[in-house]
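Guided by the hints, dock chains B and P onto chain E, whose structure is given.
The chain contents come next:
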Amino acid sequence: MLRVANVSKRFGGLYAVSDVSFSLNEGEVIGLIGPNGAGKTTMLNLICGVYQADAGAIEFLGQNITAMPSNRICRLGVSRTYQIPQPFQAMTALSGVAVGVINGKKRPHMSLSDAALEASYYLEFVGLFAKRDTLARHLTLYELRMLELARALATTPKLLLIDEVMAGLNPAESSQALEMIWSAQEQFGITILWIEHVMKIIMSAAQRIVVLQYGKKIAEGTPQEIAANPIIIEAYLGGRYAKAE
Amino acid sequence: MIETIQSILIYAFIWGSIYLLISLGFSLICGVLRIFHLGYGATFVLAAYATWTFMEDVGLSLIPSLLLMFLVQIGFSLLVFYRGVFQRYLEQEEVLLVLSLLIFVAITHLANFLYPVTAGVSLPTTLVDGTLVIGKVRIAYQMLFAAVGGILVTLIYVLGFLKTRTGLIIRAMSQNLPAALLMGASVNRMYYVAMILSVIPPTICMLLIAPFWGVDPFMGSPLLMTAMLIAILGGLGNLKGSIVASYLIGFIHASVSFLYVSRFMGLAALIITLAVMIYRRGGLFAGETLW
Amino acid sequence: MVNLEFRRDRVLFRWGDQKYEWVIEPRYWRNPAIGVALLAILPIFVAPYPHILTMITTANLYAAIAIPLSLQIIGTARLNFGPQLYLGIGGYTAALLNLHFGLSPVFTLLAAILVCGGIALLLSPTTWIAKGLYFSLITLILPLTFLDVTFIYGDIFRGEVGLVGMSPLLSFKKVTWNYLAYFYLSLLLMLVYLWVCDKIVRSRFGVSMAAINENEDVARMMGVQVDRYKVFYYVFPSILSGIVGWFIVHTFRTFAGVTYLPLEFMTKILIIVIVGGRAFLYGAIPGAYLISIVEDSLRAFGPINYVLFPLVLIALIVFLPRGEGLWGLYHKRHHRDYYPALHVRRD
Chain E
1 MLRVANVSKR FGGLYAVSDV SFSLNEGEVI GLIGPNGAGK TTMLNLICGV YQADAGAIEF
61 LGQNITAMPS NRICRLGVSR TYQIPQPFQA MTALSGVAVG VINGKKRPHM SLSDAALEAS
121 YYLEFVGLFA KRDTLARHLT LYELRMLELA RALATTPKLL LIDEVMAGLN PAESSQALEM
181 IWSAQEQFGI TILWIEHVMK IIMSAAQRIV VLQYGKKIAE GTPQEIAANP IIIEAYLGGR
241 YAKAE
Chain B
1 MIETIQSILI YAFIWGSIYL LISLGFSLIC GVLRIFHLGY GATFVLAAYA TWTFMEDVGL
61 SLIPSLLLMF LVQIGFSLLV FYRGVFQRYL EQEEVLLVLS LLIFVAITHL ANFLYPVTAG
121 VSLPTTLVDG TLVIGKVRIA YQMLFAAVGG ILVTLIYVLG FLKTRTGLII RAMSQNLPAA
181 LLMGASVNRM YYVAMILSVI PPTICMLLIA PFWGVDPFMG SPLLMTAMLI AILGGLGNLK
241 GSIVASYLIG FIHASVSFLY VSRFMGLAAL IITLAVMIYR RGGLFAGETL W
Chain P
1 MVNLEFRRDR VLFRWGDQKY EWVIEPRYWR NPAIGVALLA ILPIFVAPYP HILTMITTAN
61 LYAAIAIPLS LQIIGTARLN FGPQLYLGIG GYTAALLNLH FGLSPVFTLL AAILVCGGIA
121 LLLSPTTWIA KGLYFSLITL ILPLTFLDVT FIYGDIFRGE VGLVGMSPLL SFKKVTWNYL
181 AYFYLSLLLM LVYLWVCDKI VRSRFGVSMA AINENEDVAR MMGVQVDRYK VFYYVFPSIL
241 SGIVGWFIVH TFRTFAGVTY LPLEFMTKIL IIVIVGGRAF LYGAIPGAYL ISIVEDSLRA
301 FGPINYVLFP LVLIALIVFL PRGEGLWGLY HKRHHRDYYP ALHVRRD
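Here the protein sequences come in this chain order: E, B and P. The first sequence begins at 1 in my numbering and counts up one residue at a time. The second sequence begins at 1 in my numbering and counts up one residue at a time. The third sequence begins at 1 in my numbering and counts up one residue at a time.
Since the hints were derived computationally from the structure, they do not count as laboratory data. Ideal Cβ positions, reconstructed from N, Cα and C, are used throughout, including at glycine. Each hint should be verified, as a subset may be incorrect.
[Unchecked claim] Straight-line alpha carbon distances no greater than 27 Å define the calculated BS3-like cross-link-like pairs of lysine-lysine that follow: (1) 105(E) to 332(P); (2) 332(P) to 199(P); (3) 106(E) to 199(P).
[Said to hold, decoys possible] Reference listing, derived: stretches of chain P covered by chain E, where coverage requires no fewer than 3 residues with Cβ under 8 Å from a Cβ of chain E: (4) 41-47; (5) 192-204; (6) 330-340.
Only chain E is shown next, with the shape it has when bound in the complex (with noise of 0.2 Å):
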């Protein structure tokens, strides 16, 4: 479904992410991990296409998205949520649910009361109906970042890029959200790439993994196999622990 190939980011002088290659299929659901400052985010920019490939290709579902506007990625069936959430501060949840109702896919029948009962249906799902006709800005980060969820939920995508979801929640909170993203994904049928710096969560979640480094792809394959080798402990936590093992 989606496949990177050898792809490069620079900025200045400094690789973000050097010839990097994975690729996924429907229904999978990928983690995407690495110390901070491996390349992940920049890695999922390259995907949206917020930054445009220095080399190498990115395809999905056999279109080559590699140089496309954002827009159009969108309308392909991508969709990501923010490691900071950026939610619409001045509109309420809904209205900004309701965008992504709109413009994610083509509409041309659309009224904005429809798309408001569209909206209301994705805010139902991951249980912040009540929460409709808050401002962005009143709501706490859990609020906000299954916010972030429904918004990209609204555009229908095919595929789902969540960037550290987990971070700043405390474990109820956190398990109720990997509770709203299995249920989406269930719900929906759509492939995840997910990127996470809570091991637990990730492990447990994903089947295969992609482990990147100074924006070099240093491991892939089953959490099992990542977990046992030496090279990511030595990654992780130096190479102390990794002679240790």
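Leaving out everything else, chains B and P in the frame of chain E:
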């Protein structure tokens, strides 16, 4: 042909150096306070007309008038612009811009009401009379002095920013304000210093060019426009950019004047600025830091 | 073909297989209807004073420029400091074509629309190429440059003096009826602009517009066609301003760039947007009437009014509640209404 080229080069140099003075204060405020000072034109009008008021109505001679005028300028920019407008409306930029523009308009029309063009305002600030011939081009000594003055003032400012401690703090503030605050810079005092520093070049410019450019209540507007074009072309708030852009725009004005018709100077400069914006989005030195 | 059905509380329009329902809820159109009726019967009270009639006509025209400006500011997510540019372009097009080629007002209207639209399309790339503050500055400079051009080609544009003697839109036998008719026409123009812009803002395009104003990149990521919308929201209000220019040419029958292009006129329009209440399009109407009244009453003071007018405007901005503005005195903003943040420096 040679004469045209000589004229273009000499006038490009002279105008470029004078434009340095015009744009220096503007870039300074842009780079340090991050505010677009649409009331900058008021500095020129105040410089000329405050001096005239002190000399004609109060009856002082030139030097005391100049000193008093400097005080008035500093007081006006600190009290009216900085404390009255910038500090209060920092969060609402559109109000800030409109208010400074309104103050500029009010000052212009006050000058026009008190001393209309027919009142014959002129400043006796000619340093040396007479003209000079370079190659085949005749220029007035005053113009040369204005150009040299412009270069001197710019040099002093640049050296000040690079070598002195205050300059270092101001540069740090323009690059990263939170970091400068954490390092203990006293931001408000530096803002005052920046506002005072920004008032000096346009005043000097006005005093030097008044003899040959003429004094007119509505001259603040074209001078503001030139300063803005230079700032846009060079990159907002960047001194290096202002210096390069001043000479570039001086060159454009000189070329258009001597190769074509002088009426099209402003239009040509605007078109070239727009063209540069297409290729380099932030201007020539897009960094929005002072140096 | 079109079937109308009257139910107890709604009217249904059907054509083909499409249905449009208008729910009759007087609470939504009662107050606007009263407001429009008040404006419409205003001339009866001011009939003895013909110069007040001109004043309120001018007020209607100011509002007609300020309403598309608000739409443009939110839609392009940039602050336009030169709304009077297209007023000048449209006005000069209409005036020159009328004087030199004898085209009737209808054709000059078409020409003004085409010319304004063409130039706006040409300049529309600045909305996405120039960063926020640079865009504002370029829009600030453009009208002044156009004013320069009118002086350069003074033989065509007649610089200071302006063009005079264009054909009127209507002419009745009595001159006062002309003024009355012009007032109602300007009122109609303003109300049509208000209705059109209101419909746009309340539709699904309005939600996308708000999203663009809030965060362009996120909006782009959600599939909003940001570039196309920006071009539309730049060109359409420009054409509307051009039509106002055409209207001025054929009603006042004189047009001088010096009146409409410099900074003073621009500050008037911007203050109408700021003081009238920037959260509402309707705020432009009380704002415009206030500015017009202030301008006219200061004129009685003689030449010092040019100094007093900016001072009064400063006082208005400082002392009037800015967010809600004049319209907010009548209608308190509901907390879930969209209150646009006007960003000047935006990357």
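Going through the hints against the structure:
1. 105(E) to 332(P): At roughly 36 Å apart (the allowed maximum being 27 Å), residue 332(P) and residue 105(E) break the hint.
2. 332(P) to 199(P): It holds: about 21 Å lies between the C-alpha atoms, which stays within 27 Å.
3. 106(E) to 199(P): Roughly 21 Å between the alpha carbons, so the hint for residue 106(E) and residue 199(P) holds.
4. 41-47: Per the Cβ count (0), the hint is violated.
5. 192-204: holds (count 3)
6. 330-340: Coverage by chain E holds for the segment 330-340 of chain P (5 residues, Cβ < 8 Å).
Checked against the numbered hints given earlier, this structure breaks hints 1 and 4; the rest are met.
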